[in-house]
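Numbered according to full-length UniProt numbering, the sequence shown terminates at residue 217, and the numbering increases by one at each position without gaps.
Honestly, the hints are just simulated from the structure, not real lab data.
Treat the hints loosely; a few may be bogus.
Stated by the list, open to error - Derived DMTMM-like pairs (lysine to aspartate or glutamate); straight-line CA-CA distance at most 25 Å:
#: 1; residue 1: Lys198; residue 2: Asp54
#: 2; residue 1: Lys197; residue 2: Glu181
#: 3; residue 1: Lys26; residue 2: Glu86
#: 4; residue 1: Lys198; residue 2: Glu181
#: 5; residue 1: Lys197; residue 2: Glu160
#: 6; residue 1: Lys26; residue 2: Glu40
#: 7; residue 1: Lys197; residue 2: Glu86
#: 8; residue 1: Lys26; residue 2: Glu36
#: 9; residue 1: Lys197; residue 2: Glu58
#: 10; residue 1: Lys26; residue 2: Glu58
#: 11; residue 1: Lys26; residue 2: Glu79
#: 12; residue 1: Lys198; residue 2: Glu79
#: 13; residue 1: Lys197; residue 2: Asp54
#: 14; residue 1: Lys198; residue 2: Asp88
#: 15; residue 1: Lys198; residue 2: Glu75
#: 16; residue 1: Lys198; residue 2: Glu188
#: 17; residue 1: Lys197; residue 2: Glu75
#: 18; residue 1: Lys197; residue 2: Glu115
#: 19; residue 1: Lys26; residue 2: Glu75
Stated by the list, open to error - Per label pair, the in silico range of CB-to-CB distance:
#: 20; residue 1: Asp153; residue 2: Ala59; range: 34 to 42 Å
#: 21; residue 1: Asp138; residue 2: Pro214; range: 36 to 44 Å
#: 22; residue 1: Asp153; residue 2: Arg31; range: 33 to 41 Å
#: 23; residue 1: Thr62; residue 2: Gln149; range: 30 to 38 Å
Where is the CB? At the ideal position from N, CA and C, for every residue including glycine.
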Amino acid sequence: MTTKHANIRKRPAAEQNRPPVRPSAKAVATRAALIELAAEMFATNGYLQTSIRDIAREASLTTGAIYGHFRNKAELLAEAICSRTETDLESIPETSDHQPQHVDVLKRAAFRFAERRQLRSLILQGAAAAITDNETRDRLRDEQLSHLQDWVDRYEANHEQLGIDPSVDIRDAVLFTWAAEVGLGVLEALGIEPRSKKSWADMAARFGQSLTLPPLD
Numbered sequence: 001m002t003t004k005h006a007n008i009r010k011r012p013a014a015e016q017n018r019p020p021v022r023p024s025a026k027a028v029a030t031r032a033a034l035i036e037l038a039a040e041m042f043a044t045n046g047y048l049q050t051s052i053r054d055i056a057r058e059a060s061l062t063t064g065a066i067y068g069h070f071r072n073k074a075e076l077l078a079e080a081i082c083s084r085t086e087t088d089l090e091s092i093p094e095t096s097d098h099q100p101q102h103v104d105v106l107k108r109a110a111f112r113f114a115e116r117r118q119l120r121s122l123i124l125q126g127a128a129a130a131i132t133d134n135e136t137r138d139r140l141r142d143e144q145l146s147h148l149q150d151w152v153d154r155y156e157a158n159h160e161q162l163g164i165d166p167s168v169d170i171r172d173a174v175l176f177t178w179a180a181e182v183g184l185g186v187l188e189a190l191g192i193e194p195r196s197k198k199s200w201a202d203m204a205a206r207f208g209q210s211l212t213l214p215p216l217d
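Sequences are here, hints too, so could you generate the full structure?
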C-alpha cells in the first residue's frame, strides 16, 4: 500500500551516521566578531533601528554572509546578550571558610555594575522588541531562562557550603537579584543611577546576608 510519503527519499545510512561538520576557525572567529559588532550597534543605535543590512555594511560583508551564521536578527540579539552575560558575570567561586561567598559574589558583582551597562541596554532593547515580536520574545525568553536556571542549579548544589538558609526559595532569590540588575537598565535609560559603586555593592551584600543562616551560638 502506498502513502503520500512513499516518494520521500531516505538518506543513505552512511550519510545518516556522518558526524556534523565542525565550523572552521575562521568561521568561528567571524561569528564571534559579528556578535560583538551587533552588540555594539544594538546598544548604541537601538535594536529596532539596526538592520541586518546595517550590520553587514559595517562588517564589510553581504547580508547573505550574515545569514550564513544567524537565522535572523532575533537570534543575533540573543547571542549578543548570551555572550555579554557570560563575559560580564562571574560564576560562583569555590567555597571557603571565610564569609559566605554568595555575599562576596553579589557585592563584587554589584560594585562593577557600570561594566555591565551595555548588557543591560541590550536586554532593554530586546524587551522592547519582544512586546510586538513573538520570535524575539521567544528567543530571548529561552536565553534568559537558560542562564537563570544555570544560576539556580549552582546555588542549589552549593547552598549548604554557602550557608544559605534552606527555607530560602533559591529560584525566587536569583530572580529577585536579576530583576534588580535588569531594572537598573531601565533606570539608566531615564538617567537615574546609583549614588556610588560602594553604596550599590553594600545594598547587594545586605541582600545576600539576609539569605544566610544565623551563626550558631
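Check: What are the numbers of the hints the structure violates, in ascending order?
Finding: 1, 5, 9, 12, 13, 15, 17 and 22
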